[in-house]
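Visitor: Based on these hints, arrange chain F on the given structure of chain U.
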Amino acid sequence: MTNLIIEVSKYLLIICMVIYTAESFTVFIKKSESAQEFLYLRQVLMILLIHFIAFMVLYLEMEEDQLMFFWGSQVIYLLAVQVLVRNLYPQASKLLLNNMCLLIAIGFIMITRLSYDQSIRQFQILAISTVIALFIPIIIRKWKFLQKGTWFYAAVGIGLLAAVAVLGRSSYGAKLSISIGPITIQPSEFVKIIFVFCIASLFAKASDFRQIVIATVLAAVHVLILVVSTDLGGALIFFSTYLMMLYAATKKPIYTVAGIAAGCVAAVLAYFLFSHVRVRVEIWRDPFATYEGSGYQIAQSLFSIAAGGWFGTGLFQGSPGMIPIVEQDFMFSAIAEELGGIFCICLILVYLNCFMMFLNVAMGLRNKFYRIIGLGFGCMLTVQIFLTIGGAMKMIPSTGVTLPLISYGGSSVMSTLIIFFIVQGLYLVKEDEDEEIERAKIYEQYQREYGKQGTGDNARTQYSQSEYGYRPTR
Amino acid sequence: MQGRNIHNLNTDTDRQDKKPKKRRKRNREFMRVTWIFITMFLVLCTYLVYFNVFRAEEINTNSYNTKQNDRKSDIQRGQILSADGEILAATTYDTEGNEQRAYPYGRIFSHVVGYYVNGKSGLEAKCDYDLTDSHISFLKQLEYTAEGQKVLGDNIYLTLDTDLQQAAYNALGDNKGAVVVMEASTGKILAMVSKPDFDPGTIGENWESLTSEDADSPLLNRATQGLYPPGSTFKILTTLAFMRQNPNYQDYTYDCIGYISKEDVTVTCYNSEIHGWEDLKSSFAHSCNSSFCNIGLELDNQEFIDLCNDFGFNSSLPLNYMEYSRSQFNLEANSSYGEEMTTAIGQGETLVSPLHMAMIASSVANGGVMMTPYLIDRVQTSEGDLVKETTPTAYKTVMSAEEAGVLAEYMRETVLSGTATALYNDTYSCAGKTGSAEYDNGEQQGTHSWFVGFTNVDNPELVISVLVEDGGSGSESAVPITKQILDSYYYNYDNTYGGGY
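Residue numbers (the numbering used here), protein chains in the order written: chain U, 1 to 474; chain F, 1 to 501.
By construction, these hints were calculated from the structure, which means they are not laboratory data. Beta carbons: idealized from backbone N, C-alpha and C, even for Gly. Don't take each hint at face value.
[What the hints assert, rightly or not] A few chain U positions that, by computed beta-carbon distances, are all more than 12 Å from chain F:
| # | residue |
| --- | --- |
| 1 | Met56 |
| 2 | Tyr59 |
| 3 | Met68 |
| 4 | Ser129 |
| 5 | Leu134 |
| 6 | Val221 |
| 7 | Val228 |
| 8 | Leu243 |
| 9 | Ile418 |
[Stated by the list, open to error] Partial list, computed: chain F residues near chain U (C-beta under 8 Å):
| # | residue |
| --- | --- |
| 10 | Leu44 |
| 11 | Tyr47 |
| 12 | Asn62 |
| 13 | Tyr64 |
| 14 | Ile87 |
| 15 | Ala146 |
| 16 | Val406 |
[Said to hold, decoys possible] Derived DSBU-like pairs: lysine-lysine, alpha-carbon spacing no greater than 30 Å straight-line:
| # | chain 1 | residue 1 | chain 2 | residue 2 |
| --- | --- | --- | --- | --- |
| 17 | U | Lys368 | U | Lys205 |
| 18 | F | Lys22 | U | Lys30 |
| 19 | F | Lys388 | F | Lys150 |
| 20 | U | Lys251 | F | Lys25 |
| 21 | U | Lys251 | U | Lys142 |
| 22 | F | Lys25 | U | Lys142 |
| 23 | F | Lys176 | F | Lys120 |
| 24 | U | Lys252 | U | Lys30 |
| 25 | F | Lys262 | F | Lys281 |
| 26 | U | Lys441 | F | Lys25 |
| 27 | F | Lys176 | F | Lys388 |
| 28 | U | Lys368 | F | Lys22 |
| 29 | F | Lys483 | U | Lys144 |
| 30 | U | Lys31 | F | Lys483 |
| 31 | U | Lys441 | U | Lys30 |
| 32 | U | Lys251 | F | Lys22 |
| 33 | F | Lys388 | U | Lys252 |
| 34 | F | Lys25 | U | Lys205 |
| 35 | U | Lys205 | F | Lys22 |
| 36 | U | Lys368 | U | Lys144 |
Isolated chain F (complex conformation):
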């Protein structure tokens, strides 16, 4: 009896073991297929999560996206404010209770803030999604809804400083052109002015005259969308290219006779000035065209092209929430002498926006690191809770700290003894490069005036880029305008900014 019992148990457990094993063997391929396909489902879920976390914002702010228009009805469009809390754009109601958009600062912030009738532009367009979104608590939203009121949309705080923007606006005066002021260490844009401008509050009535052909495109933000030949400001990059290709660049000498000729091409210095014997530093400080044409002839074109591309030419720039034009640089390995010479002095086919020049100057000021410029400091709910905040990010390192140091020294020399001595003073230190960019588009010819540079050379504070259309040489218009902006910043707001001067 006992023995049989054990025997029985054994056969029983045997069967229990064998059956699943057999079944498992039979289903091995099925299990593999199952796991492959379960993975496919999980990939879908993961991608959906990825999409919502990383891609949705970009898609929501896509300029083709018209979804926001549908949400207007239940959320009151939020405000746009300056860094110091001044209202730049807000939703108000007229006597009949219709919604309107008001711009207390009128023309001064026009291009950055944009307009909101006859379409949208500027941040009104780019931040449309954030302005028509609301992050106040769910219960609070319900409260508004229950009371039949609109939910208040989120507010956007910019990096723009009201006083500096005002100063830049005044300094540019009636000139056409653009000014960009950035904080060197962070990439914060503190001022951005473009002229001619427009009044976003009355744009509906003036639409036709603003968009007419002889209006000089006042709606265009020249600071980001305007493309100009960089003229001598481009010598910053030519110098860097020369330094990289010639480790003993400090031994460079050149005897300027007021012009340079190679085969049938002749380039003269500005006003045919004769600079005589000079090294690289004095060539730079005096902006000697002959010397830089000479450098251009010596440069390895391919390396020069690579350098400029690395600085953001011919490619997209990290400019979020901004409509901008891509800068151009055209040179080929076998370009002619004429092309080599004109390209080296920033003429040729090179085109750049004032903001891009500011980025290049900021990389010199910042020890070789190009910061990502940004306009939006943070988004807050109407109740003041933080929704999101921009943290300064380095875009890329475009040169070594030593190279940046040498360029900064040369730019300082321009102010000490070169073309920008007007900026020399005892209160603040400044370094920079002037430019006189000649253009000839068939119908018109003239000279744009440039200045790019930075202040507080030992510990750079502000980066500035000024362009004046048809302003003549750099020292004629761009330098005085720069001086006016910097003076107003350093003399008037000493205490506010704690600059220590």
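This is chain U alone, in the form it adopts within the complex:
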């Protein structure tokens, strides 16, 4: 009977995920607000269903009584996030909110399945992070001085990265984290945010040649420190995000093309200079040649994805635990193995949906600083996803970065959560801007009509007719 439930649940999970993903795109063609609202609620239902079905299977397999309380508290958490954000920030994007909750729910499921002890800790960090993050939209909206802290951001960012490079604890070949008492943090995750603010504040002021030089030097320092710390994934994320921000700010593709060319030269140089780069490339070319050694991880990742096929093996039916550090860098392979390829395609599309919502708000804004921030975070998220998923599938060399909001890791999940809430803050800023523009427009129109007619009443009637009721026939 248990087998039957597990087998059926596998397909139910895929169906729920497909419905969710489809609706996150069909929402764009829904015209009426009530239809959209209804769709968002259906999505929340899907998230809870996925979470429930998966936990039922986990419960049947693990036979751990505590799991029911764990499930209950996670449901409360998800509902609380929904209720709080919807009430505190009615202007926030509900689609982005749902996507965030879905990714968090998938993270809960997978970490619980892979390592129950870690999942409790992850949940605690997530809860604390969420409380902090809930304040962020209002901060973004009110603290306009955030636009002016270029040198502060640069000092903090570079200082933190340098501190890690010098003091850092080496884990899996890369110096990434520093320990303060019992807490280990990975500062580069937070420097990501500071970096985007830093570059955006520079370009918001002006995008002349002088600014470009300053920005490039700052970005280069960040990237070089990361390369020295052997955090290649991080270096790539910073580098490509910078290039995109540069392009959007200067509107001149020549700089970005030059940057990409320089990046390629640097990559070739790095290949010959650093042995760890060569090792990564060798593994990528043939992981089975060094199966007993460095190739083992990627080989196991490929075994996992292949074993999953389209429909997955079902939760607890595969063996993703054979991939070393699966819960951090190879979460995608674990999901592919147990939840299947279709689920994974949906997952990629949900991330795409997040990216579109990031860029959507960036394009809707007028303030250059906020626009560039939105774009920067969108690119950062995408590059990270591309590196981790592409690396797991051996499409590109593996660089060891996390799957946003799903992978285990306090710093990673906290910083991603902050980024999501910053973008929600941008939706608030956009609302303010729109209101201002609307006010200005009404004022201007009013002025024009009033000035011409000399009689206020008549003008106002005329105005309301043309703006709201009258449509040109041509």
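Guide: Positioned in the frame of chain U, the structure of chain F alone reads:
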């Protein structure tokens, strides 16, 4: 009133037009970035689809992959059957209900089918994924699961023919060596025998003696993994190289005096036989070493190397689901006379597997096209529905039809008047090349006996490759064994195969 109205409309539409234009201009770069990054997401999706469609099977059957062991519990391992439907391996239960693997044909199919205790080998290893997978309908699977029964795994039908395999097994007798029989036009492997062999059913008990040092590696499939000097069978390629480099090869003549000397190297013909005046065809048919050494000295080494590499030496072969060794061919542009001469007669450092020799013979039989050999005909569900099927594929065209025609004629001559006249008969026609491959590995020296060839010369039917370790000259052991296999095929199963003889 009217005029003002129109004026109003104009300003209004102007604004409506201007605003999006401005916005579009402002966002041009953002849109471009958006499209670039949307493409990145779609690349990920596409690669995942590509991976699942084209790469997953290869990864699932990778020899390092141990994922299948986890699935054993809920699927009963499928059967392996011969082309004619005989069960070669099946899952059975002992009196206590424990799963066992039974091999009704015992030793006869041992190397191809493999074993499933103390690790896995052969197709038991290579087809592990298919055997532990089940494609019966979802509802049927649920039915099994609900009843608490195991789901039956898929069954694998091989290309091996039970009678021909049995014949090859008997013919090889107590000799060490290997036999490969293929269907010329498709590359289907009809028989593959390697000796010494083992009983896959009792391998657990006999493991130590089977793997001991003086057991002569019975677990090794000599047909695919054994590497031997090809001896005179290699003259097929030497002849082809000579033909290509000398368009007037038909005018070639050589006076054999039983040996050839160049500087300090002397090579003798087998048994120091003196062949006298001969052309290329009779040199080939009588397997005259002196004449071929002479050819070797004339050949452009680089072109010879390229030709052999093109035939699959020093590279991987298209052998899916088989563990095999890569054949070797070592010659350099500036190799010494001695190396040139010995290489031309298939000694030197050249090493080849019996299956690879069969592939070379099949390309002659098949008008220059080398077919991809295969062992698995199809995979079926336990209910008989087709899951997948192998279709014959050409691996590559290694020579022109004219070249293949000339080589076939020479190989026919070997049977008509040369070293393989024992195979001449009125029932079936045969063409081929014998080989006596001398080896000296420091501890031991001796002569391996080879025959490679094909039957039904006008419309080639079977390709055969026989190797007998320490069997002496080709005509001493390999030719009689070939004869026994072919006789049993053509005399006994005339009706079954509709050969028309």
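Visitor: Run every hint past the structure and note whether it holds.
Guide: Okay, the hints, checked on the actual structure:
1. Taking the minimum C-beta to C-beta distance to chain F, about 17 Å, the non-interface status of methionine 56/U holds against the 12 Å cut.
2. Taking the minimum C-beta to C-beta distance to chain F, about 19 Å, the non-interface status of tyrosine 59/U holds against the 12 Å cut.
3. The Cβ of methionine 68/U lies farther than 12 Å from every Cβ of chain F, with a closest approach of about 26 Å, so its non-interface assignment holds.
4. For serine 129/U, the shortest C-beta to C-beta distance to chain F comes to about 26 Å, beyond the 12 Å cut-off, and the non-interface label holds.
5. Distance check for leucine 134/U against chain F: the nearest CB is about 28 Å away, which clears 12 Å, and the non-interface claim stands.
6. With a cut of 12 Å on Cβ distances, valine 221/U stays outside the contact zone with chain F, its closest approach being about 24 Å.
7. The claim that valine 228/U is not at the interface with chain F holds, since no C-beta of that chain comes within 12 Å of its own (minimum 27 Å).
8. Against chain F, the non-interface label of leucine 243/U is violated: not every CB pair exceeds 12 Å, the least being about 10 Å.
9. The Cβ of isoleucine 418/U sits about 21 Å from the closest Cβ of chain F, beyond the 12 Å cut-off, so the non-interface label holds.
10. A hinted interface residue such as leucine 44/F counts as satisfied when its beta carbon comes closer than 8 Å to some beta carbon of chain U; here the least separation is about 5 Å, so the hint holds.
11. Here the hint on tyrosine 47/F is kept, as its CB sits about 5 Å from the closest CB of chain U, short of 8 Å.
12. Of the supplied interface hints, the one on asparagine 62/F holds, with its beta-carbon coming within about 7 Å of a beta-carbon of chain U, less than 8 Å.
13. Because the beta carbon of tyrosine 64/F sits about 5 Å from the nearest beta carbon in chain U, less than 8 Å, this interface hint is met.
14. With a cut of 8 Å, the hint placing isoleucine 87/F at the interface with chain U is violated, because the nearest CB-to-CB distance is about 28 Å.
15. The restraint placing alanine 146/F at the interface with chain U holds, with a minimum CB-CB distance near 6 Å, inside the 8 Å limit.
16. Annotation: valine 406/F was flagged as interfacial toward chain U, and the flag is violated, the nearest CB pair being 41 Å apart, outside 8 Å.
17. Restraint check for lysine 368/U and lysine 205/U: the C-alpha separation of about 9 Å stays at or below 30 Å, so the hint holds.
18. Proposed proximity of lysine 22/F and lysine 30/U is supported: the alpha carbons are some 26 Å apart, at most 30 Å.
19. For the hint pairing lysine 388/F with lysine 150/F, the CA-to-CA distance comes to about 22 Å; that is within 30 Å, so the pair holds.
20. At most 30 Å may separate the alpha-carbon atoms for a hinted pair to count; lysine 251/U and lysine 25/F meet this at roughly 11 Å.
21. As the CA atoms of lysine 251/U and lysine 142/U are separated by approximately 29 Å, the hinted pair is consistent with the 30 Å bound.
22. With a C-alpha separation of about 29 Å, the suggested pairing of lysine 25/F with lysine 142/U holds against the 30 Å cut-off.
23. At roughly 23 Å between alpha-carbon atoms, lysine 176/F and lysine 120/F fall within 30 Å of each other, so this suggested pair holds.
24. Straight-line distance between C-alpha atoms of lysine 252/U and lysine 30/U comes to about 36 Å, which puts the hinted pair past the 30 Å bound.
25. At most 30 Å may separate the alpha-carbon atoms for a hinted pair to count; lysine 262/F and lysine 281/F meet this at roughly 23 Å.
26. Of the supplied pair hints, the one linking lysine 441/U and lysine 25/F holds, its CA atoms being roughly 20 Å apart against a limit of 30 Å.
27. With a C-alpha separation of about 36 Å, the suggested pairing of lysine 176/F with lysine 388/F is violated against the 30 Å cut-off.
28. In summary, the hint linking lysine 368/U to lysine 22/F is supported, as the alpha carbons are separated by about 15 Å, within the 30 Å threshold.
29. The suggested pairing of lysine 483/F with lysine 144/U is violated, with an alpha-carbon distance near 95 Å, which exceeds 30 Å.
30. A C-alpha spacing of about 83 Å is found between lysine 31/U and lysine 483/F, which places the hinted pair above 30 Å, so the restraint is violated.
31. At roughly 27 Å between alpha-carbon atoms, lysine 441/U and lysine 30/U fall within 30 Å of each other, so this suggested pair holds.
32. For the hint pairing lysine 251/U with lysine 22/F, the CA-to-CA distance comes to about 15 Å; that is within 30 Å, so the pair holds.
33. With a C-alpha separation of about 54 Å, the suggested pairing of lysine 388/F with lysine 252/U is violated against the 30 Å cut-off.
34. About 20 Å separates the Cα atoms of lysine 25/F and lysine 205/U, which keeps this hinted pair within 30 Å; it holds.
35. With a C-alpha separation of about 21 Å, the suggested pairing of lysine 205/U with lysine 22/F holds against the 30 Å cut-off.
36. Between lysine 368/U and lysine 144/U the alpha-carbon distance is near 13 Å, which keeps this suggested pair within the 30 Å criterion.
Of the hints listed earlier, those the structure fails to meet are numbers 8, 14, 16, 24, 27, 29, 30 and 33, in rising order.
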